[in-house]
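Undergrad: Residue strings, one per chain:
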Amino acid sequence: MYSGASTFVEGVDNAFVFILGISFFFLIGITAVIILFLYRYNKKKHPKATQIEGNNTLEVIWTIIPLILVMGMFYYGYVGWIPMKRPPDQGVEITANARMWNFSFRYDNGRITDKLYVPKDTAIILHLNAVDVLHSLYIPAFRVKEDMVPGLPDNKMWFEATKTGTYSLFCTEYCGLQHSYMYSEVVVMEPDEFWAWYADTTALDVEVPEGANLVLMGRQIVESKGCIACHSYDGTIVIGPSFKGKFGETITVTTEGQERQIVYDAEYVKRSIYDPDYDITQGFRAGQMFSYEGEISEREIDLIVEFLKSLNE
Amino acid sequence: MIEHRDDQGAKLGMWLFIFTELLLFGMLFVVYAVYRSMHPEAFRIAGEELDVTLGTINTVILLISSMTAAMSITAIQKGNKKLCLQLLGITILIAVIFLVNKYFEWGAKFEYGFYPGSPELHELGYGTILFFGLYFFMTGVHALHIIIGIGLFIYVALQVKKDKIHQTDHVWLENTGLYWHLVDLIWIFLFPLFYLIH
Amino acid sequence: MESPTKPISYLDYKGEYKGILGWIFSTDHKRVGLLYLYTMLAFFSVGAILGLLMKIQLIAPGYTIMGPQTYNSLFTLHGIIMIFIIVVPGLPAVFGNFFLPIMIGAKDVAFPRINLLSWWLYAVGILIVLTSQFMGDGPPDTGWTFYAPYSFQTATNVLPAVFGAFVMGFSSILTGINFVVTIHRMRAPGMTWFKMPLFPWTLYGTAWIQILATPVIGITLLLIIAERTLGIGFFDPALGGDPILYQHLFWIYSHPAVYIMILPAMGVISEIIPVFSKKTIFGYKAIVLSTMAIAFVGYFVWGHHMFTSGMSGRALFAFSFLTFLVAIPSAIKVFNWVSTMHKGSLDLQTPFYWAVSFLFVFMIGGLTGLVLGSLATNVHLHDTHFVVAHFHFIVFGGTGFAFMGAVHYWFPKMFGRMYDANWANLGWGIFFIGFLALYLPMFYLGIMGMPRRYYDYLPEFHGGNIFSSLGAIVLIAGLMIIFINLVRSARHGTKISEKNPWGGTTLEWQVDTPPTLENFEEIPTITGKPYDYN
Amino acid sequence: MSEEKTHIVPYKTQVIVLFVLLILTGITVAVTRLEFGALNTLIAMLVAGIKATIVLAWYMHLKYEKRLLPMLVAGVVILFLLVLFVTFFDYSYR
Ligand code: HEA
Ligand code: HEA
Ligand code: CUA
Ligand SMILES: [Cu+2]
Chain A
1 MYSGASTFVE
11 GVDNAFVFIL
21 GISFFFLIGI
31 TAVIILFLYR
41 YNKKKHPKAT
51 QIEGNNTLEV
61 IWTIIPLILV
71 MGMFYYGYVG
81 WIPMKRPPDQ
91 GVEITANARM
101 WNFSFRYDNG
111 RITDKLYVPK
121 DTAIILHLNA
131 VDVLHSLYIP
141 AFRVKEDMVP
151 GLPDNKMWFE
161 ATKTGTYSLF
171 CTEYCGLQHS
181 YMYSEVVVME
191 PDEFWAWYAD
201 TTALDVEVPE
211 GANLVLMGRQ
221 IVESKGCIAC
231 HSYDGTIVIG
241 PSFKGKFGET
251 ITVTTEGQER
261 QIVYDAEYVK
271 RSIYDPDYDI
281 TQGFRAGQMF
291 SYEGEISERE
301 IDLIVEFLKS
311 LNE
Chain B
1 MIEHRDDQGA
11 KLGMWLFIFT
21 ELLLFGMLFV
31 VYAVYRSMHP
41 EAFRIAGEEL
51 DVTLGTINTV
61 ILLISSMTAA
71 MSITAIQKGN
81 KKLCLQLLGI
91 TILIAVIFLV
101 NKYFEWGAKF
111 EYGFYPGSPE
121 LHELGYGTIL
131 FFGLYFFMTG
141 VHALHIIIGI
151 GLFIYVALQV
161 KKDKIHQTDH
171 VWLENTGLYW
181 HLVDLIWIFL
191 FPLFYLIH
Chain C
1 MESPTKPISY
11 LDYKGEYKGI
21 LGWIFSTDHK
31 RVGLLYLYTM
41 LAFFSVGAIL
51 GLLMKIQLIA
61 PGYTIMGPQT
71 YNSLFTLHGI
81 IMIFIIVVPG
91 LPAVFGNFFL
101 PIMIGAKDVA
111 FPRINLLSWW
121 LYAVGILIVL
131 TSQFMGDGPP
141 DTGWTFYAPY
151 SFQTATNVLP
161 AVFGAFVMGF
171 SSILTGINFV
181 VTIHRMRAPG
191 MTWFKMPLFP
201 WTLYGTAWIQ
211 ILATPVIGIT
221 LLLIIAERTL
231 GIGFFDPALG
241 GDPILYQHLF
251 WIYSHPAVYI
261 MILPAMGVIS
271 EIIPVFSKKT
281 IFGYKAIVLS
291 TMAIAFVGYF
301 VWGHHMFTSG
311 MSGRALFAFS
321 FLTFLVAIPS
331 AIKVFNWVST
341 MHKGSLDLQT
351 PFYWAVSFLF
361 VFMIGGLTGL
371 VLGSLATNVH
381 LHDTHFVVAH
391 FHFIVFGGTG
401 FAFMGAVHYW
411 FPKMFGRMYD
421 ANWANLGWGI
431 FFIGFLALYL
441 PMFYLGIMGM
451 PRRYYDYLPE
461 FHGGNIFSSL
471 GAIVLIAGLM
481 IIFINLVRSA
491 RHGTKISEKN
501 PWGGTTLEWQ
511 VDTPPTLENF
521 EEIPTITGKP
531 YDYN
Chain D
1 MSEEKTHIVP
11 YKTQVIVLFV
21 LLILTGITVA
31 VTRLEFGALN
41 TLIAMLVAGI
51 KATIVLAWYM
61 HLKYEKRLLP
71 MLVAGVVILF
81 LLVLFVTFFD
91 YSYR
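Those sequence lines, one after another, are chains A, B, C and D.
All letters in the first sequence, in the order written, are residues 1 to 313 by the working numbering.
All letters in the second sequence, in the order written, are residues 1 to 198 by the working numbering.
All letters in the third sequence, in the order written, are residues 1 to 534 by the working numbering.
All letters in the fourth sequence, in the order written, are residues 1 to 94 by the working numbering.
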């Protein structure tokens, strides 16, 4: 507690300490009284009970006092929470995108990452987006959490980190098979360090250096974008068809209700990534994979194709 | 096992059941209210697609059937078995007419391509999809209640005929009547909310 | 109607049908109660074993004994069984059916046949839920909350699970209707409202929630079914639907449902404590009023399950405020129970052990509920293991302990035999220790930030999980002792025919042991208050 | 136990009630043709409310029952309205 990793920590932990303090007081107090009674008024020591019907004054007292305490709890909780709902006007705006089962973060200059990089002591405003089902973005160290609801307009959260370092970031809304692997990290940097990182636009789209290993690059993309959550390299079927030994084959798909034969080529892979529900592979369902338009560039798709080809051996 | 008759108790039980029905439909009205508050314009335009005349006719006949149902209870209380049976007959007949009307109404919507999941609806946007989704679901659940009501009335009429339900023992009839009025009550709200949006 | 010979006990009664048929077609409220009891014990064992399997999986990070798909369907089935099959019907269906008529001086419930129908619906509902496990597409994996849109995107068999829950909802409604009418119409002459014992009072409050809240889940589940089969778009964001509205509807039922679970438990505790203190209950009226207050206010706090769902800030404010209000009546009850023990003559028997340990775990569960009800802390703790610990403490600890207390308390009356007290107490002790070891570490894990419904976790959460998993194994030992003792005693325990082994004052202790078919030869006339020890 | 005497509602009353209901139906349909803006829905709901009350009171015999039932019905309606109201705490301020 009181880790001081973000500006919210203090307010939240105050509420914690206040409520837990009162709770421990009552828990220990009442338990002690019960144990005392068990001993004092045991049948052996106290064979004849004294009948007491009740006492209205006491009833009123033990209604009013808890009421006051509870209002205190409500107040602390409210005060600790109110800043979370009031994002400042100025700040670094980042769009957080969730899908089964990975996060991606898009910065204003077009940079897309799978970890969240933020500067210290600066308000960060996260615009929350989900493609398929509910997810939730949770950074325990910062005491923030908000659901990512598909279709909910203007859904956002904010925080201001106060210590550099790397912190866990979880998905906390159950979202299916790999929910527990929907994990990422927040990297808090010194502001100048961050802005230098930010200005490095070479990372905007993939650069393919001369003589690079295209297959390896493709594989890295497939892994960082989370495709392996549904597609395997070895022929096992997870949620979608396996990538193994498919490229160049003729497969059966359903297109607009019509079954047809189609060649698994670069064009088909591209369509499968940008418009997955157009061709539904036989034996699978529409609506599982969502479009990666805007998240995976055409150049990246070329690399993915290179990688897929390599799986034919 | 232990035979014991308690008409007041039976009626109380029926009322409690009616409460559950009220809340069941109540939640649908909550869903309706939420989506209408989100898409007021689309709901208004979509509402104009519905046939007010047919809706009004159905409202009127349902009200009449409510009256005949209520009268059948008076008849049995007065010991007039024949009139009671006639009134029950009219009620059942009206209920069937109501369903026939619904059938044509739904059929017409289907012909225009307005049914859940249809491509036409998808072009018209979220508000329209939701409006028709609710329209079909709510009137559908209501129609289901009408069908159950018809079944109950037929059963009750047979019992009247066999003199199982008579002047001094008619809770079954009364409870069926209560159920029927509930179906009417719900329609009283469905009608303006779907057909008369402005 | 009265036979001149000595009336026979409900257990020996021979009706139209013989053997098991004489049970599953019996409209006798006592037999229906036992039917529920047996069904529940069977499914509690299943649900509990699922819980144990989950704990074994969580004993170390990564793959231990199952893959993620199995884990996800396990907690779904565990949640559905425990909530819809065990604790929601739980106390009302078993002990309510058995003792409500006797405690208010009636020969049966108002609608015995509908009562039997309730059990049948319940059994059919269970069967439908079970089919979901064995059909083609695999067991459902949505969690017991069936959150949209995942619940209609997953390929698994969500439909039968949802439909089964829907059918069980009907059963619950019918039980509720039956109880309200019974209490309104069939109290013995002289038993005015404020002379009614507290267990019937809590059943009355519960029955109202069953009547007024269950239809909400009914229609919500129907909407999910329509959404999955017809693609209507009520909650599908791709068609304009609002997933948060689904959560509203779900919790409009499911929050009141948690009070369906706890109110009868509080009633049981209010019976046990005075009897074993040999002392009239302290503040009878305060307990009655707080029961009704919980039932009413509990209807308006559902939003505290949705603090991070994207609701408007103002709604959060209102729901948090109301959540704190609803805690007060529970506090009042705790104070009254403890005061009842004051200057009593405490007879430490097994049911009393359960009642006192109930107080302890209920306080922990309730007080951590307050931590969750507060806005700032909920944002941190929502959907973490802290929540899991909270509700196991209050559902398993609260309702479960009360259930155990009730079984031991009413056991002699129901079966006409006594259980072995030493084994029962030993079982209780081991169970209690295992319980604390199992769930206390989860609070810590939650505060550290371990999300719930996680098949796998980071190494930093390992310590707490080991502890917790070992606790589950201790718990199992205790539970086995308790079960075996009860089952054995029901068949071979010492016979008793004494009407009132504990010295209780309510009507069930004035009738034969075990009760006769009609409970009372003659309906008694009530003059005094319940719990009168003068 | 059916000692309570049930009240018999005369046919005439029932016909009169039907007429009132039909007139009210006419009114709602007519009002839609007029422009009152947001008031339109309010009027429609008000008229529907009146109709519902009439059905409850006469056809469903609430008028002739003991106090308990009407009170319960009112309670349920209030409960429903409160739920609706609380739900809109969310939707009105999103
Ligand atoms: C029997 C069932 C039961 C009961 C009775 C309760 C009782 C309470 N619950 Fe719990 N709750 C659940 C079952 C229950 N709960 C379940 C199943 C879930 C999870 C569902 C899911 O997501 O799967 C849940 C989740 C849950 C949440 C949502 C957590 C989240 O997901 O973010 C919250 C938040 O407010 C909450 C709060 C409370 C409160 C304030 C009470 C109060 O009523 C408690 C009142 C009791 C006391 C306060 C203790 C006794 C009093 C004293 C010792 C005296 C001193 C007291 C004072 C000073 C006030 N509960
Ligand atoms: C009544 C309610 C109830 C009860 C009693 C329990 C009991 C247990 N629960 Fe349960 N639990 C829930 C209700 C309950 N649970 C709910 C509603 C959820 C949420 C689901 C969701 O997220 O959707 C949940 C979720 C849940 C999780 C969280 C999953 C996750 O989020 O990742 C875990 C994890 O450990 C767990 C564990 C256990 C364990 C170990 C027990 C144990 O205490 C069980 C004790 C019993 C045993 C250890 C077995 C002993 C018995 C026998 C061997 C039978 C012998 C029989 C005879 C002789 C007749 N439960
Ligand atoms: Cu994404 Cu859980
Ligand atoms: Cu709750």
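Do not rely on the hints blindly, as some may be mistaken.
Only pairs whose alpha carbons sit at most 27 Å apart, straight line, appear in this in silico BS3-like list of lysine-lysine [as the list claims (entries may be wrong)]: (1) Lys195/C to Lys12/D; (2) Lys195/C to Lys45/A; (3) Lys270/A to Lys115/A; (4) Lys225/A to Lys156/A; (5) Lys18/C to Lys43/A; (6) Lys164/B to Lys81/B; (7) Lys63/D to Lys109/B.
None of these hints come from the bench; they were simulated from the model.
Fair warning: this is a prediction, and the values are worked out from it, not measured in the lab.
Undergrad: For each hint, tell me whether it holds in the structure or not.
TA: These are the hints, each one checked on the structure:
Distance restraint check for Lys195/C and Lys12/D: the Cα-Cα separation of roughly 45 Å exceeds the 27 Å cut-off, and the hinted pair is therefore not satisfied. As the CA atoms of Lys195/C and Lys45/A are separated by approximately 32 Å, the hinted pair breaks the 27 Å bound. At most 27 Å may separate the alpha-carbon atoms for a hinted pair to count; Lys270/A and Lys115/A meet this at roughly 25 Å. For the given pair, Lys225/A sits about 23 Å from Lys156/A by alpha-carbon distance, which is consistent with the 27 Å threshold.
For the proposed pair Lys18/C and Lys43/A, the alpha carbon gap of about 46 Å is over 27 Å, so the pair is violated. With a CA separation close to 11 Å, the supplied pair Lys164/B and Lys81/B stays within the 27 Å bound. With a C-alpha separation of about 41 Å, the suggested pairing of Lys63/D with Lys109/B is violated against the 27 Å cut-off.
Violated hints, listed in ascending order, are 1, 2, 5 and 7; each of the other numbered hints is respected by the structure.
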